[in-house]
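Taken in sequence, the protein lines are chains A and B. Note that our numbering numbers the first sequence so that position 7 is 7, with each residue one more than the last. Note that our numbering numbers the second sequence so that position 216 is 216, with each residue one more than the last.
Hints listed in this document are in silico derivations from the structure and should not be mistaken for laboratory results. Small disclaimer: the values here were computed from a predicted structure and weren't measured. Beta carbons are placed, not taken as given, at the ideal position from N, Cα and C, and that holds for glycine. Some hints could be false.
What follows is a list of derived Cβ distance ranges for each label pair [said to hold, decoys possible]:
#: 1; chain 1: B; residue 1: F52; chain 2: A; residue 2: K291; range: 51 to 61 Å
#: 2; chain 1: B; residue 1: V17; chain 2: A; residue 2: E196; range: 27 to 37 Å
#: 3; chain 1: B; residue 1: R102; chain 2: A; residue 2: L8; range: 21 to 31 Å
#: 4; chain 1: B; residue 1: R2; chain 2: A; residue 2: G152; range: 46 to 56 Å
#: 5; chain 1: A; residue 1: S204; chain 2: B; residue 2: W110; range: 51 to 61 Å
#: 6; chain 1: B; residue 1: L41; chain 2: A; residue 2: L214; range: 33 to 43 Å
#: 7; chain 1: B; residue 1: R102; chain 2: A; residue 2: G244; range: 19 to 29 Å
#: 8; chain 1: B; residue 1: F52; chain 2: A; residue 2: G244; range: 53 to 63 Å
#: 9; chain 1: B; residue 1: L15; chain 2: A; residue 2: F145; range: 16 to 26 Å
This is what each chain is made of:
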Amino acid sequence: MTERIDVLVRRRHREELRFRLLLFVPTIVFLVLMVIFPLVYSVNISFYDYVRGREPRFIGFGNYAQLFRSEQFWLVTWITLRITLTCLAIEMGLGLLLGFALSQKIPGMGFFRLLIFLPMMLAPLVAGLFWRLLLDQTFGLVNFFLERLGFGAVEWLTDPRFAIWGIIITDVWQWTPFVVLLVLAGLGTIPQELQEAAILDRASPWMRFRNIYLPYLRMPILIAVLFRSIDTLKMFDVPYILTGGGPGDLTTTLSLLGYRNLFSFFKVGVASAISWFVVIIVNILVNVLLKVLSPRKKIPREMVDTGL
Amino acid sequence: MREETKSLIRRIVFLVVTLGITLAFMFPLLWVILSSFKTRLEIFVLPPKWIFLPTLQNYKDILHSDFMYQLKNSLLVAAISTGVSLVFGSLTAYGFSRYPIRGSDNILFWILSLRMLPPIAVVIPFYLLFRSLGLLDTNLALVLVYCIFNISFSIWVLKGFFDEIPIELEEAARLDGYSPAQVFWRVSLPLVRPGLATTAIFCLIQSLNEFLVALTLTTRRAVTAPVGLAKLQTFLGTDWGRISAAAVIFMIPVVVFTIFVRNELIRGMSFGRMR
Numbered sequence: 001m002t003e004r005i006d007v008l009v010r011r012r013h014r015e016e017l018r019f020r021l022l023l024f025v026p027t028i029v030f031l032v033l034m035v036i037f038p039l040v041y042s043v044n045i046s047f048y049d050y051v052r053g054r055e056p057r058f059i060g061f062g063n064y065a066q067l068f069r070s071e072q073f074w075l076v077t078w079i080t081l082r083i084t085l086t087c088l089a090i091e092m093g094l095g096l097l098l099g100f101a102l103s104q105k106i107p108g109m110g111f112f113r114l115l116i117f118l119p120m121m122l123a124p125l126v127a128g129l130f131w132r133l134l135l136d137q138t139f140g141l142v143n144f145f146l147e148r149l150g151f152g153a154v155e156w157l158t159d160p161r162f163a164i165w166g167i168i169i170t171d172v173w174q175w176t177p178f179v180v181l182l183v184l185a186g187l188g189t190i191p192q193e194l195q196e197a198a199i200l201d202r203a204s205p206w207m208r209f210r211n212i213y214l215p216y217l218r219m220p221i222l223i224a225v226l227f228r229s230i231d232t233l234k235m236f237d238v239p240y241i242l243t244g245g246g247p248g249d250l251t252t253t254l255s256l257l258g259y260r261n262l263f264s265f266f267k268v269g270v271a272s273a274i275s276w277f278v279v280i281i282v283n284i285l286v287n288v289l290l291k292v293l294s295p296r297k298k299i300p301r302e303m304v305d306t307g308l
Numbered sequence: 001m002r003e004e005t006k007s008l009i010r011r012i013v014f015l016v017v018t019l020g021i022t023l024a025f026m027f028p029l030l031w032v033i034l035s036s037f038k039t040r041l042e043i044f045v046l047p048p049k050w051i052f053l054p055t056l057q058n059y060k061d062i063l064h065s066d067f068m069y070q071l072k073n074s075l076l077v078a079a080i081s082t083g084v085s086l087v088f089g090s091l092t093a094y095g096f097s098r099y100p101i102r103g104s105d106n107i108l109f110w111i112l113s114l115r116m117l118p119p120i121a122v123v124i125p126f127y128l129l130f131r132s133l134g135l136l137d138t139n140l141a142l143v144l145v146y147c148i149f150n151i152s153f154s155i156w157v158l159k160g161f162f163d164e165i166p167i168e169l170e171e172a173a174r175l176d177g178y179s180p181a182q183v184f185w186r187v188s189l190p191l192v193r194p195g196l197a198t199t200a201i202f203c204l205i206q207s208l209n210e211f212l213v214a215l216t217l218t219t220r221r222a223v224t225a226p227v228g229l230a231k232l233q234t235f236l237g238t239d240w241g242r243i244s245a246a247a248v249i250f251m252i253p254v255v256v257f258t259i260f261v262r263n264e265l266i267r268g269m270s271f272g273r274m275r
């Protein structure tokens, strides 16, 4: 009798183990094969003088040394950072304002919100196309309105001073809604009584923001900042379609530079080195992100309601 | 009375502000939709024509162009990679939710970092790899690469949904004699059906919208809609009517999907970290 139970228990145990393996092994194997292997391969390439059509030659850190000596590379890095920081500042500011405006309870608000959120669901490439049409120097609507208002037309896509703003406008249009979404979610977690109490207490708007809204908005703001900076650092689609990286290299991002090295100049090694530079920058940010999102972290009291 | 008037005025101000903001954000969309119904000449007319006789010519041109084939590629690749990712994703998400292994957190973070990986870094090795395997310009190549991003996304979002299932339900099923696999298949998975739908739609949208990977790994047969759109732009120069029509057709599935997940946008966009 006990022997039979023993067999049953052991069989059950085996079944359970098999199930657990099924849960993890296929996914991990797939991801390791599909990610580790290519990435190792790509690190390896970045150490070779590899131009398509020629025999690769090992040059150690040669590609990196070449990059770090090149003015173009630092210009492009600076431009990528400039786009990232400018977009971030505008999107956060505008997103917070719009978030507060849209948090009011008005009939039909759900519909308005849905419309506002649409841009971030579109392909960045499509957003770039939209703004290419709107920012066109001769028949674009933006210039038409600017002229009407007496400002004079701007060569948005070709003027060295303004081309970068074409990129920024597109990104701000597409991603401010993302910040709004997060802000709204944060505001939605504030208990009604807390807001009412503040109004009854006649707390000043600043005090209300500091002591009531800010604690609930800290996590959404952090998430927004990190997601947006990571995505903007990787930006490719918008400059590709809007300006092609020009005039000169003034709207070229690191991803676009990597792409051009691979497909226009066939410099595989250099392209890999650039892509690794992006990976390292993004990785630093991702690590910050992971710290913030850590599920096991001690959760501050006021964060409990955001579900984190 | 005065308080009421004040509150009414405030409401109206907010309504106007909201309407204004919404209009400002919708404007580019509206303009492209309008442009798609204009003739080549009308698009260049300034001041812009707001009222005109709409033409369907742009749509007819697009429906008979390669763009429809590219859109089909896009939908096919998106659907297959989404399906595969949901299978892998739901298994592993359930695993992380119910049977955390040693170092679970670190593995989860590694998986999230994949979603953040710059596509340019992925594209270079895969371009070389697929070229030597003869997989360049195939739907399979795109499916494989999109699976990396979609699986990692699915695991994160679905884990949140599995975490919400009360563990007592599963324990009750175990007491009824269900094996762990049966609990997963018959109890837990049906309970996260809304989560599966949400995850699927976000994977679909993200795959449809992807550009850099598709641009590098395809040339002709497997070209997807965004790449096709970008090519329309270069080849036809300034035929904005057709480009607008193609963009509108391409937007339709995305907009429909967005309407479906409108209440779960926050979860999808923050990897299930906010809800």
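Hint-by-hint comparison with the structure:
In this structure, F52/B and K291/A meet the distance hint of 51 to 61 Å, their C-beta atoms being roughly 55 Å apart. Separation of V17/B from E196/A is about 23 Å and departs from the stated range, judged on CB atoms against 27 to 37 Å. Checking the proposed 21 to 31 Å range against R102/B and L8/A shows it holds: the Cβ atoms sit about 28 Å from each other. The hint said 46 to 56 Å for the Cβ distance between R2/B and G152/A, and at roughly 47 Å that hint holds.
Between S204/A and W110/B the C-beta distance comes to about 46 Å, which lies outside the given range of 51 to 61 Å. Checked against the hint of 33 to 43 Å, the pair L41/B and L214/A fails, with Cβ atoms roughly 54 Å apart. Between R102/B and G244/A the CB atoms are about 49 Å apart, so this pair departs from the stated range of 19 to 29 Å. About 31 Å separates the C-beta atoms of F52/B and G244/A, a value inconsistent with the hinted range of 53 to 63 Å.
For the pair L15/B and F145/A, the beta carbons lie near 24 Å from each other, so the given range of 16 to 26 Å is met.
Hints 2, 5, 6, 7, 8 from the list above are not met by this structure, while the remaining hints are.
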